[in-house]
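Asks: Could you put the whole structure together from the sequences, leaning on the hints where they help?
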Amino acid sequence: MLTKECCALTEFQSAYAETGSLVCVLGNAQSTPLDYYAAPKSATSARAILWIHDIFGLHPNSKQTADILAARLDAHVLVPEFFRGARADRTQGREKVLEFASAFDYPAVRADVARAVAWLRTAHGVERVGVFGLCWGGRIAVRLGAEAGAIAATDTDTDAARSEFARVVAVGTAHPARLEPADGARLRVPLCLLPSAGEDEATMRALFELVRASDVPAVAAASVHERFADCKHGWLGAHANFEDADERRRASDALDIAARFFDALL
1 MLTKECCALT EFQSAYAETG SLVCVLGNAQ STPLDYYAAP KSATSARAIL WIHDIFGLHP
61 NSKQTADILA ARLDAHVLVP EFFRGARADR TQGREKVLEF ASAFDYPAVR ADVARAVAWL
121 RTAHGVERVG VFGLCWGGRI AVRLGAEAGA IAATDTDTDA ARSEFARVVA VGTAHPARLE
181 PADGARLRVP LCLLPSAGED EATMRALFEL VRASDVPAVA AASVHERFAD CKHGWLGAHA
241 NFEDADERRR ASDALDIAAR FFDALL
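The sequence shown begins at 1 in the numbering used here and counts up by one.
If you're looking for bench data, these hints aren't it; they were derived computationally from the structure.
For each residue, glycine too, the CB sits at the ideal point set by N, CA and C.
Where hints are given, some of them may not hold.
Stated by the list, open to error - Between beta-carbon pairs, the in silico distance windows are:
1) 28 - 229: 37 to 43 Å
2) 160 - 105: 17 to 23 Å
3) 156 - 256: 36 to 42 Å
4) 166 - 107: 16 to 22 Å
5) 16 - 218: 31 to 37 Å
6) 244 - 217: 38 to 44 Å
7) 106 - 151: 18 to 24 Å
Replies: And the structure:
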């Protein structure tokens, strides 16, 4: 479930001036550009990060992290607006937020995730994709990790989305929501797991133990786990105040870990 902090805290009103641009990837009735794209330093870069926002939707903080990672990794970074501008009515209490999140669980957005990966491939020639999610987006990223990676000759349960997911070589999450240990056993690509003080420590540890015991060699060897016990849930997402020196430093620490993780695998 989403944490109490996620449902109760308000988003930080950031004044960040992004350097990327809005594009229309997922589509909407008005064909309005709602998705955020940050370009790499090199136009010929064939690697990308798909950044999945938290329950607040596309927020300036996600745009800022996208800009940072695009420059740091020389990668295309796409932040789709999965909610297409819709937002949970936080004035109606936690149950309404949970109801909203449930409407956008993995089966409901799976086709959109595939569409985003396909856009990176067709628009920018991307060959390898890393996926990182926050809060709600962390659950999406980890669920995706269970059907990502190369398609085995024995895999008969394939479709157009699975073909796109073959380009996903790693997934990651910070302050994830609604994960359970069994999610770790299902992963087919390496995981970068960065929980906060807001997630149950025992659950996160048990999940990662199953990751380390994976029968997929790369998952067991390349996955990383670091708990940010001094950080609140949402410290890398819409709850974060990047104008505060301490919060900015810890967000930078997390991005450093994520950047090294993806740099080695993309």
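Asks: Indicate whether the distance between the beta carbons of residue 244 and residue 217 respects the range 38 to 44 Å.
Replies: Taking Cβ atoms as reference, residue 244 and residue 217 lie about 41 Å apart, which means the hint holds.
Asks: Is it true that the C-beta distance of residue 16 to residue 218 lies inside 31 to 37 Å, as the hint says?
Replies: Given about 35 Å between the Cβ atoms, the range holds.
Asks: Against the range 36 to 42 Å, how does the distance between the Cβ atoms of residue 156 and residue 256 compare: consistent or not?
Replies: holds, 41 Å
Asks: Using the Cβ atoms, figure out if residue 106 sits within 18 to 24 Å of residue 151.
Replies: holds, 19 Å
Asks: Per the hint of 16 to 22 Å, is the separation of the Cβ atoms of residue 166 and residue 107 within bounds?
Replies: holds, 19 Å
Asks: Does the beta carbon distance between residue 160 and residue 105 stay inside 17 to 23 Å, or does it fall outside?
Replies: holds, 20 Å
Asks: Assuming the hint says 37 to 43 Å, is it satisfied by the Cβ distance from residue 28 to residue 229 or not?
Replies: holds, 40 Å
The structure fails none of the hints (numbered hints given earlier).
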